[in-house]
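2 protein chains.
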Amino acid sequence: MSSSSAAPAAKPPMREALVAAAFRLFVERGYEQTTVDDIVALAGVGRRSFFRYFPSKEDVVFPDHERCLADMTAFLAVSDEEHEPVRRVCDAARLVLRMYAENPAFSVQRYRLTRQVPGLRAYELSVVWRYERALAEYLRGRFSGRPDGTLRADVIAAAVVAAHNNGLRSWLRSDGEGDAGAAVDHALGFVQRAFGRAVEDVASVGVGPVPAGGPAERPDDVVVLACHRDAPLWRVVQELETALGRT
Amino acid sequence: MSSSSAAPAAKPPMREALVAAAFRLFVERGYEQTTVDDIVALAGVGRRSFFRYFPSKEDVVFPDHERCLADMTAFLAVSDEEHEPVRRVCDAARLVLRMYAENPAFSVQRYRLTRQVPGLRAYELSVVWRYERALAEYLRGRFSGRPDGTLRADVIAAAVVAAHNNGLRSWLRSDGEGDAGAAVDHALGFVQRAFGRAVEDVASVGVGPVPAGGPAERPDDVVVLACHRDAPLWRVVQELETALGRT
Numbered sequence: 000m001s002s003s004s005a006a007p008a009a010k011p012p013m014r015e016a017l018v019a020a021a022f023r024l025f026v027e028r029g030y031e032q033t034t035v036d037d038i039v040a041l042a043g044v045g046r047r048s049f050f051r052y053f054p055s056k057e058d059v060v061f062p063d064h065e066r067c068l069a070d071m072t073a074f075l076a077v078s079d080e081e082h083e084p085v086r087r088v089c090d091a092a093r094l095v096l097r098m099y100a101e102n103p104a105f106s107v108q109r110y111r112l113t114r115q116v117p118g119l120r121a122y123e124l125s126v127v128w129r130y131e132r133a134l135a136e137y138l139r140g141r142f143s144g145r146p147d148g149t150l151r152a153d154v155i156a157a158a159v160v161a162a163h164n165n166g167l168r169s170w171l172r173s174d175g176e177g178d179a180g181a182a183v184d185h186a187l188g189f190v191q192r193a194f195g196r197a198v199e200d201v202a203s204v205g206v207g208p209v210p211a212g213g214p215a216e217r218p219d220d221v222v223v224l225a226c227h228r229d230a231p232l233w234r235v236v237q238e239l240e241t242a243l244g245r246t
Numbered sequence: 000m001s002s003s004s005a006a007p008a009a010k011p012p013m014r015e016a017l018v019a020a021a022f023r024l025f026v027e028r029g030y031e032q033t034t035v036d037d038i039v040a041l042a043g044v045g046r047r048s049f050f051r052y053f054p055s056k057e058d059v060v061f062p063d064h065e066r067c068l069a070d071m072t073a074f075l076a077v078s079d080e081e082h083e084p085v086r087r088v089c090d091a092a093r094l095v096l097r098m099y100a101e102n103p104a105f106s107v108q109r110y111r112l113t114r115q116v117p118g119l120r121a122y123e124l125s126v127v128w129r130y131e132r133a134l135a136e137y138l139r140g141r142f143s144g145r146p147d148g149t150l151r152a153d154v155i156a157a158a159v160v161a162a163h164n165n166g167l168r169s170w171l172r173s174d175g176e177g178d179a180g181a182a183v184d185h186a187l188g189f190v191q192r193a194f195g196r197a198v199e200d201v202a203s204v205g206v207g208p209v210p211a212g213g214p215a216e217r218p219d220d221v222v223v224l225a226c227h228r229d230a231p232l233w234r235v236v237q238e239l240e241t242a243l244g245r246t
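In the order they appear, the protein sequences are chains X and G.
Going left to right, the first sequence walks through residues 0 to 246 as numbering that gives the first Met the number 0 numbers them.
Going left to right, the second sequence walks through residues 0 to 246 as numbering that gives the first Met the number 0 numbers them.
Worth double-checking, as some hints may not be accurate.
Residues on chain G that point at chain X, a partial pick, calculated with CB under 8 Å [stated by the list, open to error]:
1) 58
2) 61
3) 98
4) 126
5) 128
6) 148
7) 162
8) 192
9) 240
For each label pair, taking beta carbons as the anchor points, the in silico distance ranges come out as [what the hints assert, rightly or not]:
10) G/178 with X/126: 44 to 52 Å
11) X/104 with G/188: 19 to 27 Å
12) G/12 with X/23: 37 to 45 Å
13) X/145 with G/178: 19 to 27 Å
14) X/172 with G/63: 29 to 37 Å
15) X/172 with G/35: 37 to 45 Å
16) X/148 with G/111: 46 to 54 Å
17) X/147 with G/97: 35 to 43 Å
18) G/97 with X/76: 25 to 33 Å
19) X/63 with G/148: 52 to 60 Å
Every beta carbon over 12 Å from chain G, so not counted as near; a handful from chain X, in silico [unchecked claim]:
20) 103
21) 122
22) 163
Please keep in mind that the hints were generated in silico from the structure rather than gathered at the bench.
Quick reminder that beta carbons are idealized off the backbone N, C-alpha and C, glycines included.
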């Protein structure tokens, strides 16, 4: 029953008007106390217009996730063998961050709302799960044929999502004041160090006999590490990090 | 209106009878087509008895998660500094596996049901999230004061849950035929190698000058690795894995 058909390009503004009206009411009255009728009344449109854009009241809280999921899927679909897989899924996760960072005030408001309303929390978990599955599916393809390919894919996808969300939440808790990109880059860097491969640098490492006269550190900055064959790998890596000054 | 008060110790059987009746109907008619009234009629009890045990129809699908979450929380609460944190959360995750493995036929049936009913999928995601938070909270405590303590905690908790679920799903897809424990142990082993520390083995590694006459491999199984200071850590680790025969 909307009579706005005369206005060209009216659809995107109507969608935004519905989101704005919804959030104004959610903040003023609470999410549970706000009905779709309240939202359409404030936005000055009919119920059918609301449901043209949003299947349910919950969906108006997360208006951009479907687009972002589509963007992520498209981004991963155009990957090729040149892309280091872990870096690629980290970059895909950054698309989600970009969506949040586009509108900090809205994102912070929604974060608070989601923490208060269990139903929205559940909705968000299902969205996060879909992002995680998109990353895992991509990694499963890249790791297919490798031992533990699906395991590796699932674990890395979960780790990337957890790191992204850790960085995102720290930014949201700062009321969107900090540098969202830096927080998420830092968090994703942790996952890349744990699982990532940097294909371009393969040639710079050698394993084998110690160079003649080889001390612990040679002038050309070669680090020599001696370890027992049965030493736990984590410990060797920790020593390596120390030796390489990466701690 | 239940008249079963004369039967001593009747509660656990009634709870089990409700679960059995519910699953029989879910399988025969479908989850959505089964009402709480149908379930109580088949079980021969009143509605109030149902709601004494289960807040909603969804809860009867996952009758043991609350107990398992409580077990996990208690298990983590009695941890001490001696417990290597990553191993400890892997052991906590094994409590969930134990619950599934206690009743393979029921677990397989539920797995199929959960995949068919979106509402149950959402419920399950919220349960998984609660397990993940329990693990993350424990790790946050253990890593408090460390750089990136909360990040490390969140990422490891997510990785443990993803690995556990990967192993669990592969067992459920085998219709509970395979060895659930072996599948999950293998999956968790991957996470422990990526993140874990094995405190008991610290003494067996040394970094420093190569032992006199040090070749690549000494008779007492010392591995010597030479790498450039600017080599990417992942590559060094990969070479190490190869050198140590851990690939």
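A quick look at each hint next to the structure:
1. 58: violated, 14 Å
2. 61: Violated, because the Cβ-Cβ distance from residue 61 of chain G to chain X comes to roughly 14 Å (cut-off 8 Å).
3. 98: At about 20 Å, which exceeds the 8 Å cut-off, the nearest Cβ of chain X leaves the hint on residue 98 of chain G violated.
4. 126: This hint is violated: residue 126 of chain G lies away from chain X, its Cβ roughly 10 Å from the closest one there, beyond 8 Å.
5. 128: holds, 5 Å
6. 148: Since chain X brings no Cβ nearer than about 11 Å to residue 148 of chain G, farther than 8 Å, the hint is violated.
7. 162: holds, 5 Å
8. 192: holds, 6 Å
9. 240: holds, 7 Å
10. G/178 with X/126: 44 to 52 Å: violated, 35 Å
11. X/104 with G/188: 19 to 27 Å: Given a distance of about 45 Å, which is not inside 19 to 27 Å, the answer is violated.
12. G/12 with X/23: 37 to 45 Å: violated, 53 Å
13. X/145 with G/178: 19 to 27 Å: holds, 22 Å
14. X/172 with G/63: 29 to 37 Å: holds, 34 Å
15. X/172 with G/35: 37 to 45 Å: Given about 40 Å between the Cβ atoms, the range holds.
16. X/148 with G/111: 46 to 54 Å: Since the Cβ atoms of residue 148 of chain X and residue 111 of chain G sit about 25 Å apart, the hinted range of 46 to 54 Å is violated.
17. X/147 with G/97: 35 to 43 Å: Violated, at about 23 Å.
18. G/97 with X/76: 25 to 33 Å: Hint violated: Cβ distance 40 Å, outside 25 to 33 Å.
19. X/63 with G/148: 52 to 60 Å: Distance hint for residue 63 of chain X, residue 148 of chain G is violated at roughly 32 Å.
20. 103: holds, 21 Å
21. 122: violated, 8 Å
22. 163: At about 10 Å from chain G, residue 163 of chain X fails to clear the 12 Å cut-off, so the statement is violated.
Of the numbered hints listed earlier, those contradicted by the structure are 1, 2, 3, 4, 6, 10, 11, 12, 16, 17, 18, 19, 21, 22.
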